[in-house]
Structure formats: structure tokens, C-alpha cells
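Chemist: Sequence:
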Amino acid sequence: TISAAGIVAYFCTRLTDIYFAMLTLAFSMLVWAIAFKWRSATGGDDGFVGILVPDLIGDRTRFYYFTLILVTASVALLWSICHSAFGRTLVAVRENAVRAGFVGVNTRLMRWWAFVIAGTFAGIAGAIFGMFHRGMYVESAFWTQSATVLIMTLLGGMFSFFGPAIGAATLFILERITNEYTEYWPTVLGVVLLVILLFLPDGLSGLARRVHAFTTKNK
1 TISAAGIVAY
11 FCTRLTDIYF
21 AMLTLAFSML
31 VWAIAFKWRS
41 ATGGDDGFVG
51 ILVPDLIGDR
61 TRFYYFTLIL
71 VTASVALLWS
81 ICHSAFGRTL
91 VAVRENAVRA
101 GFVGVNTRLM
111 RWWAFVIAGT
121 FAGIAGAIFG
131 MFHRGMYVES
141 AFWTQSATVL
151 IMTLLGGMFS
161 FFGPAIGAAT
171 LFILERITNE
181 YTEYWPTVLG
191 VVLLVILLFL
201 PDGLSGLARR
211 VHAFTTKNK
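Position 71 (the sequence shown) corresponds to 71 in full-length UniProt numbering; numbering is contiguous.
If you're looking for bench data, these hints aren't it; they were derived computationally from the structure. Be aware that one or more of the hints could be misleading.
[Claimed, not checked] Have a look at the derived ranges for each label pair, beta carbon to beta carbon:
#1 94 to 210: 19 to 29 Å
#2 197 to 27: 23 to 33 Å
#3 190 to 52: 33 to 43 Å
Since the model is a prediction, treat every value here as computed from it, not as a measurement. Backbone N, C-alpha and C define an ideal beta-carbon position, used for all residues, glycine too.
Make a model of the complete structure from these sequences and hints.
Modeler: In C-alpha cells, the structure reads:
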């Protein structure tokens, strides 16, 4: 996964803004097409089933604690990265890549590292997903999965460390509740996306900060 992320990042980091997004989407669809057509290796639309799980984490209780430990360690590592000098440099590149470049930051290299780190943790999540379901399926590589993750990030707040996690939990709960009453979850998801873009540009975490600042100011 790390190698694949590094190769894709090499090409994607040559571009910025919408072109970067479109190229990453193109690579995603390329992976999906290969997985869908290469039945001998991936199982095609039937998926790659029969993934073996070590006996140590074979039952659900042990697998739960294994996942909990792995997620906790990953969050702690990401927290340390984000609050290190490297992480602050990434923030500088995000906020103003031109200015960061003028002070000597190799902005393309920094974006490459950010891409590789993100790909590494995405690979860890994919491995857990595969072990939990005892298989991998081509639907996981379709562009809608990337769009769902993007919506989770926007909903929770992309400028907050825990924003994407908050967005993921909120979207999951909202989907479960919606599906109990109607089959039009995609419509509800579209409405949620519109509300985020129009009224919550910094997500739920940004809304919480504004509410806290307002209540503190009026005390």
C-alpha cells in the first residue's frame, strides 16, 4: 500500500486544486476497473473472499480489541505527526503553498509525504475491513467510496483533527436512521452535502467552536 501510494502521489502532486482531485479520482477508477476485470486475481464482481484471520484474533471479541488497539495507536501516531514541526509545515503548505515555497519549503515533497501517510493509514483500514468481512470487494474501490469519505470530512470539519471521525459517526448514524423510514438515503445525503457547503463550510466542529465562542462571549 505504501509503495502504491508513493507511486500515485508522484504523479498527483505535480498538480494542485481541482486537477489534483480529478487525477486522484482517475487513479481510483483505474484501480476499480482493473479489480473488476481481472477476475483470476480479484474475483471480479464476486470479490476476493476467504481471507484468513489469525486464530489469535479469530473471534469477534478479540478482533474488536485488536481493532481498538490498532485504531488507538494510529490516532496517537497521527496526533503526534500533526503536532510536530512536520505537521505544522504541512499546515503552512495547505494555507499558502506559495508563501511556504518562498521560505524554502519543498511544497511538492510535503504534499507527497502527506499523500503517502494518508495512503498508509487507508491501507491499514482496508486490511481491517478485509479481515472483518473475510473478503475484499470491488465496490470498495469505486469512486463513491472516496466521495463518502470526502463528505464525512466536510461534515465533521476538515480543519479539526477529530472532525473526520465526528463526520463519519454522524453520517453513519444518520444513514441508519434514514434507512429505517425511507429508501431515499442518496437524496438525504445530497441534502446534507448542500447544507454543509452552504451553511457549514467548516463542518460540525466549526459550528461547535462558534457556539462555544458565542456562549462564552455572552456570559
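Chemist: So does residue 94 sit 19 to 29 Å from residue 210, Cβ to Cβ?
Modeler: Given a distance of about 21 Å, which is inside 19 to 29 Å, the answer is holds.
Chemist: Indicate whether the distance between the beta carbons of residue 197 and residue 27 respects the range 23 to 33 Å.
Modeler: 25 Å, holds
Chemist: Between residue 190 and residue 52, does the beta-carbon spacing fit 33 to 43 Å?
Modeler: Roughly 40 Å apart at Cβ, these two residues keep to the hinted range, so it holds.
The structure fails none of the hints (numbered hints given earlier).
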